[in-house]
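Which chain is which? The protein sequence lines are V and A, in order. Converting from the first sequence to this note's numbering requires adding 28 to each position, the first position being numbered 1. Converting from the second sequence to this note's numbering requires adding 28 to each position, the first position being numbered 1.
Derived from the structure by calculation, the hints contain no laboratory data. On a predicted model such as this, the values are computed, not experimentally measured, just so you know. Since no wrong hints were added, every one of them can be taken at face value.
A pair counts as met if it fits within one copy or between any two copies, since identical chains are not told apart.
Below, computed lysine to aspartate or glutamate pairings styled on DMTMM-like, alpha-carbon distance capped at 20 angstroms:
1) Lys341 x Glu298
2) Lys341 x Glu287
3) Lys221 x Glu196
4) Lys137 x Asp260
5) Lys268 x Glu159
6) Lys67 x Glu196
7) Lys62 x Asp201
8) Lys341 x Asp260
9) Lys341 x Glu139
10) Lys62 x Glu139
11) Lys290 x Glu317
12) Lys142 x Glu298
13) Lys290 x Asp260
2 protein chains.
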Amino acid sequence: MDKTPTKIDIEFAQRKIAPFIHRTPILTSSSIDKMFSSKLFFKCENFQKAGAFKMRGATNALLSLSKDELKNGVATHSSGNHAGALALAANTLSVQSYIVMPNNAPSIKVEAVKSYGGNITFCKPTLADREKTLDEIVKKTSAVFIHPYDDYHIITGQATCAKEIYEEFQKLDYLIVPVGGGGLLSGSILSTKYFSASTKVIGAEPMGADDAFRSIRDNTIYPSVNPKTIADGLLTSLSKKTFGIIKNGVEKIITVKEETIKTAMYLIWERMKILIEPSSATVLAVVIENPELFLNKRLGLILSGGNISPVTKGK
Amino acid sequence: MDKTPTKIDIEFAQRKIAPFIHRTPILTSSSIDKMFSSKLFFKCENFQKAGAFKMRGATNALLSLSKDELKNGVATHSSGNHAGALALAANTLSVQSYIVMPNNAPSIKVEAVKSYGGNITFCKPTLADREKTLDEIVKKTSAVFIHPYDDYHIITGQATCAKEIYEEFQKLDYLIVPVGGGGLLSGSILSTKYFSASTKVIGAEPMGADDAFRSIRDNTIYPSVNPKTIADGLLTSLSKKTFGIIKNGVEKIITVKEETIKTAMYLIWERMKILIEPSSATVLAVVIENPELFLNKRLGLILSGGNISPVTKGK
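Only chain V is shown next, with the shape it has when bound in the complex (with noise of 0.2 angstroms):
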């Protein structure tokens, strides 16, 4: 798949990978609603299998290659949830996975990725390890090589669940995104143009990790080096797929704090009643630090993940 998803690519992954993903619930908050005076409606990716959005784009990558190429299996380089999700899509379809792993990675990320019965093969914490030990995989075990993101029938998973939000509700003035390597944010981008082309589309991104904001504004894309956040599914680059996406078609990008990350992830917790990943806090986090721009608008936030061990205070 060399060119950007159409709709129809898009309707043809929902229907693929349908039988083997959770369609996850939409919910909403009267008190957070109240808050902000505005109408929000969370789309609950936190629920998806494997506790993130991630299941999406591998479940539809790995349904776009043939059984011939998938008889050596699949591989990638992961620490976090695109680990996980292509272990568990994997195992779901009986096809061998190889997933590299920084020898830092959080034991909750490693155990999970056994648990879905992937083939963990530890490498320095670094990108030109990770590179390296990939490939010497990939060698050995002719297995394909799936990117997180740079890639389109990853992009076009991940545009399947911002269209679950348009079938449910419509007239959204906006959606908002968080956005790490791009792939949510450009899949949501694609699903907006084709199913509510009115919605504007906003990618939440933490200030400490601003390279997307960076990237857009200065139209060029910058590494992230050395990123600061809790956001820890954020910490990645745009890649040339993802950043030819959003920069036609996003409204803006928004970095947001820190300290707000944690207050947004905090008043999900307690009001919602529902666990989510510092990465998903960041779309409420734009709308605690902007509440004027939105003031009796009609908001999508998509929270993209709910990978996260917290504890009881004080044990």
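We have chain V already, so just place chain A on it with the hints.
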């Protein structure tokens, strides 16, 4: 209301309170099912208004009073979910509420009562001072005292929770319900008798607060003396009305270790991505400690509430 609630009482209560409460979802988890080789249906009262099932009973109690009886408001003493639920139910029905809270009540619960418009009077954290302070408030305001569970209107309201489960899922082998004062358990027993007679009802109680277990075993109401458990919703003892219903209808009360309550709570947080408080976790702790009893069975489990404020690790 001076006799055990009937089937018609519960059906009527359900229709009366419906506009003022949430019909909460029933969630399942394939990974937890696999873990125990049984089918678990979790009734999510953590998503209930005010964050707990208590909203059902409080609303029903208020709707059972005449306009004239309500004109001076309602009162109770509570440091927990009944306080918040009564304040919110009263607020919804434009009735004044007077809540006596011990001066060591968690600030999150105090804030909740305030945000629902309850009039708080603080007292010393002893039962004697709580009752004395409440008496004074009632004398001064002529408000109606609403007991958290020794009240058939409250029990009838709590019964609507199990009724909703049986409307969606039939042929459950067991229904597992946390037991503190016994309002939810006795209501669940009545709904089971009327709407799913073949289902056995099990009470889940922390070992460190096992007064209900001992009360049923010895056929006498023991007070809850110095209970020690993180399940802060289950510290109270049975009352005359709840004891009467429970002793005739419960299959058994099963006590669980503190360690298992924590394990169960974290398991639900991590696998289901929903926030529940420790009291709710007792029901899954029963399954964890007695897997052989529930092998290949269909279980309903009531997650009674979600009022807890966890933190991220190391924060």
